[in-house]
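With the hints in hand, could you dock these two chains into one complex?
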Amino acid sequence: MNKKASVVIIGGGINGCALAYELAKKGVKDVMVIEKNFLASGSTGRCGGGFRQQWSTPMNIKFAMESVDIFSRLDEELQYKTEYYQGGYLILAYTPEEIRQFEKNVRLQREMGLDVRLIEPKECLKIVPDLNIDGVLGATYCKSDGHANPFYVTQAYAKKAKEMGVQFLLDTEVIAIDSHNDRITAVQTDKGKIMTDTVVNAAGGHAHLVSSMLGLDIPVKPYRHEILVTEPVNRIFDPMIISFHYHIYMRQELNGGILMGQGDPNEPSSFNVEGSFDFINQVCKKGMKIMPVLENISVVRQWAGLYAVTPDAQPILGPVPPFDNFIHIVGFSGHGFMLAPRVAQHITDYIVDNKLSDEIKNCSIDRFKNMDLDVDVNVV
Amino acid sequence: MSEEYNIVIVGAGPAGLAAATTASKYTNKILIVDENIKPGGQLSKQTHKFFGSKNHYASVRGVNICNILLDGLSKEKVCFRPETSAIGFYKPDTLIIQDKEGLHKIKGNKFIFATGAIENMVSFENNDLPGVYGAGAMQTLMNLYGVKPAEKVLMLGAGNIGLIVSYQLMQAGVEIMGVVEASPFIGGYHVHAAKLRRMGVPILTSHTVKGVYGDGKVEKAIIHKLGGGFEPLHGTEKTIEIDTLCLAVGLTPSVELLHQAGCNIKFIKELSGYVSVHDDMMETNIPGVFVAGDASGVEEASAAMLEGNMAGLKAAYDIEGFNRSVFLNEKEIVEFELKSLRTGPFCERAQAGKKRLMVEER
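First to last, the sequence lines map onto chains A and B. If you read the first sequence in our numbering, its first letter stands for residue 1, the second for the next number, and so on. If you read the second sequence in our numbering, its first letter stands for residue 1001, the second for the next number, and so on.
Note that these hints are calculated values from the structure, not bench results. Just so we're clear, the structure is a prediction, and the values are computed from it rather than from any experiment. Check each hint, because a few of them may be wrong.
[Stated by the list, open to error] Derived lysine-lysine pairs resembling BS3-like cross-links, with alpha carbons at most 25 Å apart:
#, chain 1, residue 1, chain 2, residue 2
1, A, LYS286, B, LYS1100
2, B, LYS1091, A, LYS286
3, A, LYS285, B, LYS1100
4, A, LYS285, B, LYS1266
5, A, LYS221, B, LYS1107
6, A, LYS36, B, LYS1100
7, A, LYS286, B, LYS1266
8, B, LYS1105, A, LYS285
[Unchecked claim] Each pair of labels, with its calculated beta carbon distance range:
#, chain 1, residue 1, chain 2, residue 2, range
9, A, PRO121, B, LYS1105, 52 to 58 Å
10, A, PRO121, B, ASN1127, 33 to 39 Å
11, A, LYS191, B, PRO1092, 46 to 52 Å
12, A, PRO121, B, ASN1120, 50 to 56 Å
13, A, ASN37, B, ASN1120, 29 to 35 Å
14, A, PRO265, B, ARG1081, 32 to 38 Å
15, A, LEU108, B, PRO1092, 43 to 49 Å
Glycine residues also receive a C-beta, built at the ideal position from the N, C-alpha and C atoms.
Chain B on its own, in the form it takes in the complex (with noise of 0.2 Å):
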């Protein structure tokens, strides 16, 4: 037997939780399922305070902001499933999720994804030795488990994650030997940057991780010094004793399902990958079938939380058919938000990439 929702929405991040938090301002029989044992998905490791205008949480903790949402959440309109796995689409309407029962089948009239990123992996010299650890997981392990996962770390990406990450293992007491940058500019915001320059922090440009080393575990890693076309310089190569490599070299949108439900896929190098086209409402080609956050094209947590309120308002105004101008003057108000929050001269980046995807998409 299968369950049947209004609507289903696979994954419990940013995303995920704003569009539960619209949509159930208009209609009910929603779910959210997610793999993990908490909701909150990267917003519950980010202790750091967000930036923008107060519409945008600034000065919020993303954990704060997380629990913000939940409590938010009204119990008797949205069902939250943790430790659930989506892990089929078959179309047009069946979304197979797999828990400590087993398989089930749901049903749902619409469906969101906000299935975010993962991480990537670089090639290096034994980039397989214990050791090697994605920026996530560093995070997971201090802010979320309360381990301390390291002692000294070199960080490979200087992008925002490659910094705040390196600023909170400082917090958590670990040794950050610096922070290396195959590109020649740093990628983050200058004011993450300047922190762990003032702690002392060297962040090397145009810098990258020739190999890691060691006796069945990280013991060093040796560094080279890039030329302009990315090119080894030979007689650059340093030494440094770390016991982890932290990798936060970029993220890549999860579309899996969303490719299973039959959208249309796009390469699009801005949004970090292959994506899904959708409209201004985060619709994809197929109706009813929403995207939102990073699994549309990697940005920031604050533009994933805005996507989310624009699928949830789109899909509960499709079933309820509630006042076309509230749905009107609040699909407006989230469309000033994103577009004020794309302005940033950090977001031109992303704003080219959802503006491709849109052009390509007609």
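So here's chain A without its partners, still in its complex pose (with noise of 0.2 Å):
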């Protein structure tokens, strides 16, 4: 093993390597990214792989917008197909408080640029002429948004990364950090030390873990969130569908299965990722509402995933004090896949030319000291 490298990056999710590709392309030499499984084997790999603009917030809507341009530009630069996929978001409303929301969003959403509409119940059918619109009051639909496949865009960084001369270190787990003088010095792993003086730390649903390592106590949960899939069928719809008020999000995969998950928001926090026989029932209970035509398609797998969640569900990105070489990728509550190819770019720049961003000032770990958060609505 390499005992030494410049950025040890722990997690080889979707931010793990995005980050070492972008730090590879600004020319970081000795990069190591260090997965206690295989790529994409955590929230990654088991996460719906939508990537959308319809945000409630400025900043996710920039980030947002800012890394859909990067999808769409993928898989020319990483020389690989990455399922993506401009299909849409079709975010269904049902209860007038939905509709007063949606209206601000759409207000803030179209200020920042985006082409997005509030639209009638019966526009939606134009979209998904199979779609149920009994007690649908509205939706909001926004064409650029879509999706990927996860697996195939970590591979797509990855394997760009290993050609510029990243090193990935899987099956390996880091079972301590050591640090002087707030300055962290290395990585030790169950395969062996490495001296490094930056550790970047993307374990997603471990990343509180991994923080702790060092003592600190950041503000990011796991919660288990359920998902799966059907045999693949005929195109049905083209945009990912969601709606907040059942806390559901469905869509259909390019070899025709159809992705549908769920959260529920009373259970407790916990590392729990088994599939539960309760959400494969209350799910396509409620899919089946939605779109009636699902009827007779057979479910062929399901499993479960951890959203690292933050108290305003916004990831946390930048060092966190005392130890300004500890940097954060965590906390993306659910939408770390469709937000870490610009996250990516910002830390790079970070970590490169010590560059603050707004962006990383605002999520930085400090704004929890101050009550007001700005909460995150659209999450499901």
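Right under this line is the structure:
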């Protein structure tokens, strides 16, 4: 094992791999990614794969718009087919409160230059003819939202990063992090010690565990979210369909399988990633209510992953005091996949040029000292 | 709402019924689910007499063993649900079953998976042509439904199933054109092979099926000889006119539910595939989850029943905590029977497999 690295990234998910690539692209040598299982084995490989720009806070909207811009050029840049597909996002409103919130969101999103509209139930049928519009009061629709295959996107970044000299240590677990005078000096793994002066925590659902190795108590908690996929069927719908009211999202993969997911808002925090029967039972009923045509399609697989959730549902980015060389890319609260491409660039600017962008400053851990948080309400 | 039972048994074959028989001596609230219309599993198709000692139901036909086991079950203690599939296990204690009414949640204190095995398939030309059957399907058609399944059959596989099903097909008036077996030896009991030979049926070892051919259905098979490395020998092809090719090429244990329950699954060749690791009382590494019968390694119905007895005994003992000497005494009897059954010359393989399984568990 190479015993020295300029940057050690903990976590081989989308954030770790995207960062490894961006660092290498900027000419950083000796970058190392440590992953305790295999690439995308955690939340990345278990996620719904959607990217959307329809958020309720300016920062998330800007971040997501910039990420989509990167996504749209990613296949070409990384020379990899990631199943990137701009099928849009259709977000359904079932209550007058939702409509009011959506009006506000759309106004903000349009001010920021996003092509998004609040549409009538009848217009939803033009986009998704099989949609059941009973109870639907309206919807927001953004055509440039979409989805990609999280495994492929991760592999795309990792493959290019490897070609540029990044080392990936798979099946390797971090067991301790050494520090001296508030500087990290080394990362200890079950396969040996790596001397370094920059460590990045990109451990997704396990981010809190990694930080606690240095006695830090970052406000990130893991919550189980479940998801299933059906057998492949002919094309039924293009956009990702979301309902905050029913806590459900669904999309059709390019191969025809339909993904449906939800989190139980009442479930306590845990590392549990077992699938449950209650999930399958509930999500299928909800799914069939929204799209009755799904009734006779068989479920082939179910699984679960962890949302790493912060108190305001926004990520924690940048160094966490007292360590200015312990950088966090954590707490994405269920939307790490879609933000990762842009976040990786901001973090790279910080590591390489010591440049703290407004985005990183906004997402600094310091914000939790102040009680008045700008909570993104558009989380499912 | 979920229903709750002391013991939930999946599979009403020999292992499952035997587990219920023993368990119901000591405890109640036992559920058996089975996807078939009638209980009995393979037993209900087995019209032949069993071997072994009196304690192994020697000289009793399988179908009658099934009836003996069923008659012995108390309706108050054991609930049987036919036409019910166990479709998923959710840790730690929930089984999902599906019947005509839909899905139901079943909670169990103990689970015994007596899920049996599924028939193997082999690759050859046109193996998806109508007229290619598994031996189990042939047996179901003739012995359960009373349907003559074919006119002219070629059997692939000279293990006990291939030999016995060939003989039963002849009893049903079907012509057996031959039995082909890829290995140089007949795998089944010689008494079964001898019966076929006396009836004039050729058993061709070191032979296999090259392919089946016909217009929309099987009309002929081409067989060829195999060399020492199982390579086809050119120029040895023979054409046999048949309407059905019957496959008796082994079984693979059904361990899906055990896998979902978190059981340690190991590949053990001698036990015919991936099996669930278990201790001497059939309990897996997951406390309260037991395995019995072919799902724990493919053997015969007699062994499956004894394994079922053992699992049922331990599950009931763990629930009720009855008199320890009664428990130990019964355990010893079942152990003795299993041992005497497995010391037969044809059980070396299974015995070796079980030994490996126990060793690997440690």
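Okay, the hints, checked on the actual structure:
1. For the proposed pair LYS286(A) and LYS1100(B), the alpha carbon gap of about 22 Å is at most 25 Å, so the pair holds.
2. For the given pair, LYS1091(B) sits about 24 Å from LYS286(A) by alpha-carbon distance, which is consistent with the 25 Å threshold.
3. For the given pair, LYS285(A) sits about 18 Å from LYS1100(B) by alpha-carbon distance, which is consistent with the 25 Å threshold.
4. Simply put, LYS285(A) and LYS1266(B) have alpha-carbon atoms about 37 Å apart, too far for the 25 Å limit, and the pair is violated.
5. The hinted pair formed by LYS221(A) and LYS1107(B) fails the criterion: a straight-line CA distance of about 31 Å is larger than 25 Å.
6. Among the hinted pairs, LYS36(A) with LYS1100(B) is inconsistent with the structure: their alpha-carbon atoms are about 45 Å apart, more than 25 Å.
7. A hinted pair counts as satisfied when its Cα atoms are at most 25 Å apart, and LYS286(A) with LYS1266(B) does not qualify at roughly 39 Å.
8. The hinted pair formed by LYS1105(B) and LYS285(A) meets the criterion: a straight-line CA distance of about 16 Å does not exceed 25 Å.
9. A C-beta distance of roughly 36 Å is found between PRO121(A) and LYS1105(B), which places it outside the suggested range of 52 to 58 Å.
10. One distance hint, 33 to 39 Å for the beta-carbon pair PRO121(A) and ASN1127(B), is violated here, with the actual separation near 52 Å.
11. A hinted range of 46 to 52 Å for the beta carbons of LYS191(A) and PRO1092(B) is inconsistent with their spacing of about 33 Å.
12. Taking the beta carbon of each, PRO121(A) and ASN1120(B) are about 54 Å apart, inside 50 to 56 Å as hinted.
13. The hint said 29 to 35 Å for the Cβ distance between ASN37(A) and ASN1120(B), and at roughly 33 Å that hint holds.
14. Our hint of 32 to 38 Å for PRO265(A) and ARG1081(B) holds, since their Cβ atoms are close to 35 Å apart.
15. Checking the proposed 43 to 49 Å range against LEU108(A) and PRO1092(B) shows it holds: the Cβ atoms sit about 46 Å from each other.
In this structure, the hints that do not hold are numbers 4, 5, 6, 7, 9, 10 and 11, in rising order.
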